[in-house]
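Read top to bottom, the protein sequences are chains Y and W. Going by numbering that gives the first Met the number 0, the first sequence opens with residue 0, and the numbers climb by one from there. Going by numbering that gives the first Met the number 0, the second sequence opens with residue 0, and the numbers climb by one from there.
Misleading hints may appear alongside valid ones.
The list makes no distinction among identical chains, and a pair is therefore deemed to hold if it is satisfied within one copy or across any two copies.
Stated by the list, open to error - As a list, the in silico DSSO-like pairs of lysine-lysine whose alpha-carbon atoms are at most 27 Å apart:
1. K213 - K279
2. K73 - K213
3. K73 - K189
4. K202 - K73
5. K213 - K272
6. K189 - K82
7. K340 - K73
8. K340 - K94
9. K189 - K213
10. K279 - K73
11. K202 - K56
12. K213 - K94
13. K56 - K279
14. K73 - K56
Don't read these hints as lab results, they were simulated from the structure.
Protein chains: 2
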Amino acid sequence: MAGSTTLALDAMGGDHGPEVVVPGAALSLSRHPELRFILAGDAARINACLAEHPDLKNCARVVHTDLSIGMHDKPSQALRRGKGTSMWLALEAVKNGEAQAAVSAGNTGALMALARLVLRQMPGIERPAIAAQWPTIGRPSIVLDVGSNIGASARQLVEYALMGAAMSRAHFGNERPTVGLLNVGVEEIKGNEEVRQAHALLKQGNLGLNIDYKGFVEGDQIGQGIADVIVVEGFAGNIALKTAEGTARQIATYLRTAMSRSVVTRIGAVLAKSGFEVLKGQMDPRRLNGGPFLGLNGIAIKSHGGTDALGFATAVDLGYEMAEKRVIDRIAADIASIAGKLDAPVGGGPG
Amino acid sequence: MAGSTTLALDAMGGDHGPEVVVPGAALSLSRHPELRFILAGDAARINACLAEHPDLKNCARVVHTDLSIGMHDKPSQALRRGKGTSMWLALEAVKNGEAQAAVSAGNTGALMALARLVLRQMPGIERPAIAAQWPTIGRPSIVLDVGSNIGASARQLVEYALMGAAMSRAHFGNERPTVGLLNVGVEEIKGNEEVRQAHALLKQGNLGLNIDYKGFVEGDQIGQGIADVIVVEGFAGNIALKTAEGTARQIATYLRTAMSRSVVTRIGAVLAKSGFEVLKGQMDPRRLNGGPFLGLNGIAIKSHGGTDALGFATAVDLGYEMAEKRVIDRIAADIASIAGKLDAPVGGGPG
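The shape of chain Y in the complex, shown without the other chains (with noise of 0.2 Å):
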């Protein structure tokens, strides 16, 4: 399969299994003919499914188990049972370079926890992170660490950097993307000493990154775009990005009322419709869907759990984009040309 890119793809994850998993590969496959898919999980269920898609039987092998991973599965439960499961399996297949990525939509922390056991950490890492596409009014930012730890030291935060940059060149063509720290206030007295001091390090210049560091950005700029790129720790990211979509839905529950409330507001609603339609498209979350696990040895991609096969296939479609330009590869070469660069006291450098 000269030229193919190959996808795993855990076929039981998220709320629906195979029969949202197949038809978005499916999809997938329509808009990227070179795919090639390994789907791991239920045979017969999966099977079944594929009697309905032609094109995506004849590019896909199907491997078996009747092991899955449950979606309140806790981490180390995931960790102790979930060897033999479609996860499982789906990430082995990119350990043994059967395929380039890996994408599931089960449980993110059973994921997350699979993913470092079984792809291991690049060396030079010293965490790797979960990235989550952010809608803004502008280009689509990327946001991490939503949640993958809690805490991050400054040389953790450059990692998230160079990895969140990596992914943006990938994804979104952008070779030398604009990268924000996220921090309570944009002086550089504000925050605590490890966002200080990322700060310090980014803006040395030195480090070789071709990245363009815009400084401390705050959380009202994200939604404007501010950088292609916004860095934060994990409890905080994590929390921002659930905080936004709650707002998000906050926001439609409101809309929806106010539409609602007499006959003129209405008949406004339907004159309005091709509009409002804009905005649902704007707001949907299947646009953007696939986080991925950076600073793996591999590509490790979470989808949401109650997406359908257009949101799966999104996500199907960015593990494909950054196999394809070598996500992997390029992060280790970043991060092997600023090895010892972390560790040199900040300050001395050309400002």
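Place chain W on chain Y using the hints.
Same frame as chain Y, now just chain W:
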């Protein structure tokens, strides 16, 4: 002035100074005729504004100063040069017992620094916090800390819980407020050590606090109104607050663009106008303006710097209610009642 409540206002604070502060105070006075005011700042400018508000003029004492804190002064500058400024005089009036609360639309860092210096921390409180009023699809919630401190110990998080609960009782009339602890997941194993310990303390129940502790909550649940009080350390809390504000602005931008995309959507939007007005009202930051610093020996309230008279009046109303309901005394009593209990080893209590 028996039975009256006096508020000290920093008349020079905010983007507009007395031109917003004076009509804002007049509006609040019309709602609470028993209010009296101390207006600190440039007497000529204040008196010029008071000329248009005779009722307020009769209830206000002007304390002149040429000095004021700039909107971009750093907290360190405020500490060095803050004495005698309008912000300082407002806080000093509270300290001296001439006023029961101070309200300023001046810069947050300076107000925080001067309020700590002038009013001092309440005995038994390790760290003061800034509380924000958060709109939800139900009743508004109180979220704290939104940026007074970076990081918080378990004990400090418990302090935030009881200070937020006292504010919730005073301002929203929730006698036994529900309290949630913001975390990156709702399972007991999630979060850092401080958050897990605070959880253990709060769920013991034998702290004797008159709160209904709901356990961990996630960022997307704040806007759903999951609890009257949401407790979080200040770095993540500030980022959550600003991210929510940014997301609301982002969606407003989407919505305006979507409604103006064609003649038909524009007509629809005109018909739906009354609905959009309701939505605008729900999302109006003036409706919930005013964030108190809690944990000091007196009430100091931060108003948004860019707000108008309507918004400033909301912050003044909050000061009035907190003074009337003697929030400071109630926090002091709560703190005294749990003295010693917070330092006891966790886990021995009745789950």
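Outcome of the hint check:
| no. | hint | in the structure |
| --- | --- | --- |
| 1 | K213 - K279 | neither (31 Å within a copy, 33 Å between copies) |
| 2 | K73 - K213 | between (38 Å within a copy, 21 Å between copies) |
| 3 | K73 - K189 | between (36 Å within a copy, 11 Å between copies) |
| 4 | K202 - K73 | between (39 Å within a copy, 22 Å between copies) |
| 5 | K213 - K272 | neither (39 Å within a copy, 40 Å between copies) |
| 6 | K189 - K82 | between (45 Å within a copy, 23 Å between copies) |
| 7 | K340 - K73 | neither (38 Å within a copy, 32 Å between copies) |
| 8 | K340 - K94 | neither (30 Å within a copy, 51 Å between copies) |
| 9 | K189 - K213 | within (15 Å within a copy, 32 Å between copies) |
| 10 | K279 - K73 | neither (34 Å within a copy, 42 Å between copies) |
| 11 | K202 - K56 | neither (50 Å within a copy, 53 Å between copies) |
| 12 | K213 - K94 | neither (36 Å within a copy, 42 Å between copies) |
| 13 | K56 - K279 | neither (33 Å within a copy, 51 Å between copies) |
| 14 | K73 - K56 | neither (33 Å within a copy, 64 Å between copies) |
Going down the numbered hints, you'll see the structure goes against 1, 5, 7, 8, 10, 11, 12, 13 and 14, while the others check out.
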